[in-house]
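Residues per chain are reported as follows:
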Amino acid sequence: MTSIPVVATQPSTRSRALALIGGEATDANLRRYLHGIPGIDAVGLEQRAAALGTRSIKTSSKKRAIDTIIGLIDLTTLEGADTPGKVRSLVGKALTPDPGDPGCPRVAAVCVYGDMVPYTVEALGSAHAAGRDQGIFVASVATAFPSGRASLAVKLADVADAVAAGADEIDMVIDRGAFLSGRFGQVYDEIVAVKEACRRADGSVAHLKVILETGELNTYDNVRRASWLAILAGGDFIKTSTGKMQPAATLPVTLSMIEVVRDWHRLTGARVGVKPAGGIRTSKDAIKYLVAVAETVGEDWLTPSLFRFGASSLLNDVLMQRQKMRDGHYSGPDYVTID
Amino acid sequence: MSFLDYAPAPESQALLHLRPEYGLFIDGEFVAGRGEPFQTINPATEKQLAMIAHADAADVDTAVAAARRAFERRWSTLSGSDRGKYLFRIARLVQERARELAVAETLDNGKPITESRDVDIPLVAAWFFYYAGWADKLDHAGLGVNPAARGVAAQVIPWNFPLLMLAWKIAPALAAGNTVVLKPAETTSLTALLFAEILQQAELPAGVVNIVTGGRETGQALVGHSGINLVAFTGSTGAGRAIARAVAGTDKKIILELGGKAANIVFDDAPIDQAIEGIVNGIFFNQGHVCCAGSRLLVQESIHDEVVDRLKQRLSTLRLGDPLDKNTDIGAINSADQLKRITELSAIGEDEGAERWSPDCDLPESGFWFRPTIFTNVSTSHRIARDEVFGPVLSVLTFRTPEEAIAKANNTPYGLSAGIWSDKGSRVLAVADRLRAGVIWANTFNRFDPASPFGGYKESGYGREGGRHGLAAYLQPAGSAAVAAARHAVAVDADHAVKPSAARKKATK
Numbered sequence: 001m002t003s004i005p006v007v008a009t010q011p012s013t014r015s016r017a018l019a020l021i022g023g024e025a026t027d028a029n030l031r032r033y034l035h036g037i038p039g040i041d042a043v044g045l046e047q048r049a050a051a052l053g054t055r056s057i058k059t060s061s062k063k064r065a066i067d068t069i070i071g072l073i074d075l076t077t078l079e080g081a082d083t084p085g086k087v088r089s090l091v092g093k094a095l096t097p098d099p100g101d102p103g104c105p106r107v108a109a110v111c112v113y114g115d116m117v118p119y120t121v122e123a124l125g126s127a128h129a130a131g132r133d134q135g136i137f138v139a140s141v142a143t144a145f146p147s148g149r150a151s152l153a154v155k156l157a158d159v160a161d162a163v164a165a166g167a168d169e170i171d172m173v174i175d176r177g178a179f180l181s182g183r184f185g186q187v188y189d190e191i192v193a194v195k196e197a198c199r200r201a202d203g204s205v206a207h208l209k210v211i212l213e214t215g216e217l218n219t220y221d222n223v224r225r226a227s228w229l230a231i232l233a234g235g236d237f238i239k240t241s242t243g244k245m246q247p248a249a250t251l252p253v254t255l256s257m258i259e260v261v262r263d264w265h266r267l268t269g270a271r272v273g274v275k276p277a278g279g280i281r282t283s284k285d286a287i288k289y290l291v292a293v294a295e296t297v298g299e300d301w302l303t304p305s306l307f308r309f310g311a312s313s314l315l316n317d318v319l320m321q322r323q324k325m326r327d328g329h330y331s332g333p334d335y336v337t338i339d
Numbered sequence: 001m002s003f004l005d006y007a008p009a010p011e012s013q014a015l016l017h018l019r020p021e022y023g024l025f026i027d028g029e030f031v032a033g034r035g036e037p038f039q040t041i042n043p044a045t046e047k048q049l050a051m052i053a054h055a056d057a058a059d060v061d062t063a064v065a066a067a068r069r070a071f072e073r074r075w076s077t078l079s080g081s082d083r084g085k086y087l088f089r090i091a092r093l094v095q096e097r098a099r100e101l102a103v104a105e106t107l108d109n110g111k112p113i114t115e116s117r118d119v120d121i122p123l124v125a126a127w128f129f130y131y132a133g134w135a136d137k138l139d140h141a142g143l144g145v146n147p148a149a150r151g152v153a154a155q156v157i158p159w160n161f162p163l164l165m166l167a168w169k170i171a172p173a174l175a176a177g178n179t180v181v182l183k184p185a186e187t188t189s190l191t192a193l194l195f196a197e198i199l200q201q202a203e204l205p206a207g208v209v210n211i212v213t214g215g216r217e218t219g220q221a222l223v224g225h226s227g228i229n230l231v232a233f234t235g236s237t238g239a240g241r242a243i244a245r246a247v248a249g250t251d252k253k254i255i256l257e258l259g260g261k262a263a264n265i266v267f268d269d270a271p272i273d274q275a276i277e278g279i280v281n282g283i284f285f286n287q288g289h290v291c292c293a294g295s296r297l298l299v300q301e302s303i304h305d306e307v308v309d310r311l312k313q314r315l316s317t318l319r320l321g322d323p324l325d326k327n328t329d330i331g332a333i334n335s336a337d338q339l340k341r342i343t344e345l346s347a348i349g350e351d352e353g354a355e356r357w358s359p360d361c362d363l364p365e366s367g368f369w370f371r372p373t374i375f376t377n378v379s380t381s382h383r384i385a386r387d388e389v390f391g392p393v394l395s396v397l398t399f400r401t402p403e404e405a406i407a408k409a410n411n412t413p414y415g416l417s418a419g420i421w422s423d424k425g426s427r428v429l430a431v432a433d434r435l436r437a438g439v440i441w442a443n444t445f446n447r448f449d450p451a452s453p454f455g456g457y458k459e460s461g462y463g464r465e466g467g468r469h470g471l472a473a474y475l476q477p478a479g480s481a482a483v484a485a486a487r488h489a490v491a492v493d494a495d496h497a498v499k500p501s502a503a504r505k506k507a508t509k
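Protein chains in written order, with UniProt numbering: chain Y, 1 to 339; chain L, 1 to 509.
Chain Y on its own, in the form it takes in the complex (with noise of 0.2 Å):
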C-alpha cells in the first residue's frame, strides 16, 4: 500500500465509493472491485461506435449541433511557447469566435498551463465565470501535466497554485504507471488528495478533470477501470487525454467513457462529466460525439457542465461550417480569425 495520506473529501463521495468497493481504498479491495466490472468486447464496442458515427445530422439539426459543439469546447493553447500574449489573442477568439456574427455562441472555457492563469483570468475580465453559471472558465492543467512524473507534494502545489490563480476547473492526470502497475490505491489516494487541492479559502472547490490518458492505458477493459477508479475518488470529468501523445480521443474509447458515467448515474444518481480531448479537429466528427452522448446517455449531458470538448483547430472547422450554413456557400480559412 501507499504511504499517501489519505485526505478527507466530501464525506458522501468518500463513504459511497468506500461501500461501492467494500472496504477502505486499498490495491487488493479496488482490484477486486474494477475487475468485478463488465468486460469490454472491443470488436463489439467499435462496432457501435461506427454505427453511432453514421447518424446523419443535416439542415436544421446540424445547425443545433454545431452552435452546441462551440458551447461545449474548451479552447486550449498547450505550449512550451505559449506567452502571455499569445493567451490574450486565445481569449480574445474565446470571446467572439467569429466577429462577423454577434449572435455566435461563446466557448466553454479556455484551457491553459498553470502559469498561465492568471493573464487568461486577466484578459477574461468581467467574462470570467468565477464561479458565476454564465460567463467563460478558466481550465488549467496541472500535476505535472502531462507525464504527471513528480511527487506528490509538486503535484499538490502545481494544483493550489492554479486554484489560488483564478482557475475555475483543473485538469489533472492519473499515474499511469501506478494505475498499469496495480497500484491503484495509490491512483485514487492521489484523485482524493488533487481534489482537496482543488480546495479554495473560501471553501468553495474547483471543478476536478481526471486525464485517463487512454493511450497509455491501451485496453478498453483498462480505460474502463481507470474511469471507474477516477470517479470513485471524486473526479467531476473524466477526460480521455492530455493531446500530446497519440491516440489521443477516439470514439470508441469516448463511447466506452459515455458508457460508465451512464452506469455511475444508474447506480447512485450522480452525474459525472466526459471530455474527449486531442484529436477531434472536425465538425463532422464532433457531431459523431454528440450522437453517442445523446444516444447513450440522453441529451440532458450535452451541457458544458457534462461534456466538453478539449480541442484547438475544432473550433474553426466548426465556424466554417457555421457560416456555411449561414451564407449558403463555403468561405475559406481567410475568414475565420486565427488565435
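Just so you know, these hints were derived from the structure itself, not from any lab.
Quantities reported herein were computed from a predicted structural model and do not represent experimental measurements.
All C-beta atoms, glycine included, are put in the ideal place defined by N, C-alpha and C.
Some clues are possibly wrong.
Restricting the straight-line Cα-Cα distance to at most 27 Å, the calculated cross-link-like pairs of lysine-lysine (DSS-like) are [claimed, not checked]:
no.: 1; chain 1: Y; residue 1: K324; chain 2: L; residue 2: K408
no.: 2; chain 1: L; residue 1: K326; chain 2: L; residue 2: K312
no.: 3; chain 1: Y; residue 1: K86; chain 2: Y; residue 2: K58
no.: 4; chain 1: L; residue 1: K312; chain 2: L; residue 2: K458
no.: 5; chain 1: L; residue 1: K326; chain 2: L; residue 2: K47
no.: 6; chain 1: L; residue 1: K340; chain 2: L; residue 2: K312
no.: 7; chain 1: L; residue 1: K408; chain 2: Y; residue 2: K63
no.: 8; chain 1: Y; residue 1: K284; chain 2: L; residue 2: K408
no.: 9; chain 1: Y; residue 1: K284; chain 2: Y; residue 2: K324
no.: 10; chain 1: L; residue 1: K326; chain 2: Y; residue 2: K58
no.: 11; chain 1: Y; residue 1: K324; chain 2: Y; residue 2: K63
no.: 12; chain 1: L; residue 1: K424; chain 2: L; residue 2: K408
Far from chain Y by the CB rule (all over 10 Å, computed), these chain L residues [stated by the list, open to error]:
no.: 13; residue: A7
no.: 14; residue: P8
no.: 15; residue: G28
no.: 16; residue: Q48
no.: 17; residue: A58
no.: 18; residue: L93
no.: 19; residue: D118
no.: 20; residue: D269
no.: 21; residue: P271
no.: 22; residue: I272
no.: 23; residue: K326
no.: 24; residue: K408
Just the calculated beta-carbon pair ranges, DEER-fashion [claimed, not checked]:
no.: 25; chain 1: L; residue 1: A407; chain 2: Y; residue 2: R16; range: 54 to 60 Å
no.: 26; chain 1: Y; residue 1: D101; chain 2: L; residue 2: D305; range: 38 to 44 Å
no.: 27; chain 1: Y; residue 1: L20; chain 2: L; residue 2: D305; range: 52 to 58 Å
no.: 28; chain 1: L; residue 1: S12; chain 2: Y; residue 2: S15; range: 41 to 47 Å
Fit chain L to the known structure of chain Y by using the hints.
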C-alpha cells in the same frame, strides 16, 4: 426542440429509374410472362412501385430450356478463369450501382436504407468477388480433381434479403459452372430484375441466368420441373418440406435453408454493453425478418433484471419510420400477411401469460409496421418461445447453469444459429461445441462473410451455403462421371419435351 429529433435525412431516389413494368428475364432478354402481371408495392407506403410479370408453367419451361442450352453450348465449355471474369465483372457492376440497388431494395422490401447500403449490397458484391475467385480453383474444393458442374440449378429465394439471397445462390452456382433459373419472392422481385440489367451490362452469355417472377405456383413449377438438376431453396420450413416432397424420388440434388429460433445465450460475465447491442442486432436487425435471428434470449438468472432494464433503455433509442431516412433503425414489415402473422403470434404470447413490452413510438399511418417488442416471463412451452415469428419480437428466458443453457438452446426443432456472450473463452468454446446449430456467434451476432459456411441442423434445413462448403451442392465429385452422364441424358430427355431442337442434338451424339 430536442437534439434527438434529428431532421429528416432521406436518401435520394434520383439514381433509381424504375420502369413501370418488368418482364421475365429469359435467355438474356426481358420477355412478357403468360400469367397475369402483379404489382409490387412499397411496404412503407403501400404504393405501387412497378408491375411484375407472372411466369406460368410454360414460361418456366422456356426458362429451363434456355438454361439447359446455355449450360451445354456455352457455360460448361468455358474455362474456370473465364467464368471467373464474368463474376468479377458482375461484382464490380454491383459496386458501381450500389446506391441505386440499395434504394431499390429499401423501397421494395421496407428495410432501412442504412442496412441495405451498409450490409446487403456490400455483401452482395463480396459474395460475387469471393466465388469469382473460386471459379478457376475448383480442384481445391475438396471434391477431387476436376469436379463437374451439376447442370441447371433451380433457385427459389425469400423476401428478407432479396438481392443478398440471390447472390448467395447465383454466385456459387455460376462459379461451379452451372446455369440458373431463379425465382425471387413475390413481394420483392425488383432488385433481381435490376440485377438482370447488370447481367446484360456484364454481357453474361444469354441463358446462363434466367429470372422468373411470380407466386407460389411459379416456384412449384420450377422446383418440380424435370429438366433441372438441383434445387436450392431458402424460406420457411413449411415450404421447404413441400419442396423436399416434390423432389423426393428424383435424382435432383437439394439444399434447403429454412427457419430458425436461435438462442442468444448471455452469461453473467458477458461484456454487457456489447451483449445488449448484440441482442438488439440479433432480433431487431431487418425488423427481425432474419432466419438466423436471435429470437430467444437466454439470459443467466443472476443478471436477468439488469439485462432487461438495459435492453428497454436501448430500445427506447431505436428510430422506427421512413426506411429511406438515413437515421431509421426499424423499417416496415415486408407485407400485410407477415404483419398479420407477427400480430397474431404476439397476441398468443400475451394470452399465454408472457409480459409484453414495447417502447413508445409513433407508427406511420400507411404501410405495415410493428413496434419492437420484448416478451419477459416466457417459458419454454410458450408458442413465442417455439414458433418462428420472423418479426421484431424477442422472447426472454432464463437459465441458471451452462448445462441448462445448452439444454434450453437445443430444445427446438430448429438449429440454424446461436449466440454466446461471455468473457471467458474456454466457456464459449465448450458451449459452442454442444449447441446443435449451424452457425454460432461468440460475442457478436448476425455477422456474415462469404468465406464462412452457413446452414442448419434439424428442421432448419440441410446443405451449406458460403465458403468452400457452399460449392459442394453445385458440384459433383470427379469420380462420379458415370452418374453425371446418366443425369445428363435424363436432363436432355426432359428438355426434349419442350425443345425439339435439343432432342435432335442429343440424337446426333
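Hints, verified against the model:
A threshold of 27 Å between alpha carbons decides the hint, and for K324 of chain Y with K408 of chain L the separation of about 58 Å lies outside it, so the pair is violated. Taking the CA atoms of K326 of chain L and K312 of chain L, the gap is near 23 Å; set against the 27 Å cutoff, the hint holds. At roughly 35 Å between alpha-carbon atoms, K86 of chain Y and K58 of chain Y are farther apart than 27 Å, so this suggested pair is violated. Note on K312 of chain L and K458 of chain L: the hinted pairing is violated, with a Cα-Cα distance of about 33 Å set against a maximum of 27 Å.
As the CA atoms of K326 of chain L and K47 of chain L are separated by approximately 21 Å, the hinted pair is consistent with the 27 Å bound. At most 27 Å may separate the alpha-carbon atoms for a hinted pair to count; K340 of chain L and K312 of chain L meet this at roughly 24 Å. With a CA separation close to 51 Å, the supplied pair K408 of chain L and K63 of chain Y exceeds the 27 Å bound. In summary, the hint linking K284 of chain Y to K408 of chain L is not supported, as the alpha carbons are separated by about 46 Å, beyond the 27 Å threshold.
Between K284 of chain Y and K324 of chain Y the CA atoms are separated by roughly 14 Å; this keeps the pair inside 27 Å, and the hint holds. Among the hinted pairs, K326 of chain L with K58 of chain Y is consistent with the structure: their alpha-carbon atoms are about 10 Å apart, no more than 27 Å. Of the supplied pair hints, the one linking K324 of chain Y and K63 of chain Y holds, its CA atoms being roughly 10 Å apart against a limit of 27 Å. Restraint check for K424 of chain L and K408 of chain L: satisfied, since their Cα atoms lie roughly 20 Å apart, inside the 27 Å limit.
Residue placement check: A7 of chain L does not keep its beta carbon more than 10 Å from all beta carbons of chain Y (closest about 4 Å). With a least beta-carbon separation of about 8 Å from chain Y, P8 of chain L fails to lie farther than 10 Å from that chain, contradicting its non-interface assignment. A cut-off of 10 Å between C-beta atoms confirms that G28 of chain L is not in contact with chain Y; the least separation is 38 Å. Separation of Q48 of chain L from chain Y is adequate, the least Cβ-Cβ distance of about 28 Å exceeding the 10 Å criterion.
Residue placement check: A58 of chain L keeps its beta carbon more than 10 Å from all beta carbons of chain Y (closest about 47 Å). Here L93 of chain L stays apart from chain Y, with its beta-carbon at least about 25 Å from theirs, past the 10 Å limit. With a least beta-carbon separation of about 7 Å from chain Y, D118 of chain L fails to lie farther than 10 Å from that chain, contradicting its non-interface assignment. Under the 10 Å C-beta cut-off, the non-interface status given to D269 of chain L relative to chain Y is violated; the minimum distance is some 7 Å.
Listed as a non-interface residue, P271 of chain L fails to keep its Cβ farther than 10 Å from every Cβ of chain Y; the least gap is roughly 4 Å. Listed as a non-interface residue, I272 of chain L fails to keep its Cβ farther than 10 Å from every Cβ of chain Y; the least gap is roughly 4 Å. Distance check on K326 of chain L: its Cβ comes as close as 4 Å (rounded) to a Cβ of chain Y, failing to clear the 10 Å threshold; non-interface status is violated. Listed as a non-interface residue, K408 of chain L keeps its Cβ farther than 10 Å from every Cβ of chain Y; the least gap is roughly 23 Å.
Distance hint check: the CB atoms of A407 of chain L and R16 of chain Y are about 42 Å apart, inconsistent with the given range 54 to 60 Å. As the Cβ distance of D101 of chain Y to D305 of chain L is approximately 51 Å, the hint placing it in 38 to 44 Å is violated. With their beta carbons about 19 Å apart, L20 of chain Y and D305 of chain L fall outside the hinted range of 52 to 58 Å. In this structure, S12 of chain L and S15 of chain Y break the distance hint of 41 to 47 Å, their C-beta atoms being roughly 58 Å apart.
In the structure shown, a violation is registered for the earlier hints numbered 1, 3, 4, 7, 8, 13, 14, 19, 20, 21, 22, 23, 25, 26, 27 and 28, in ascending order.
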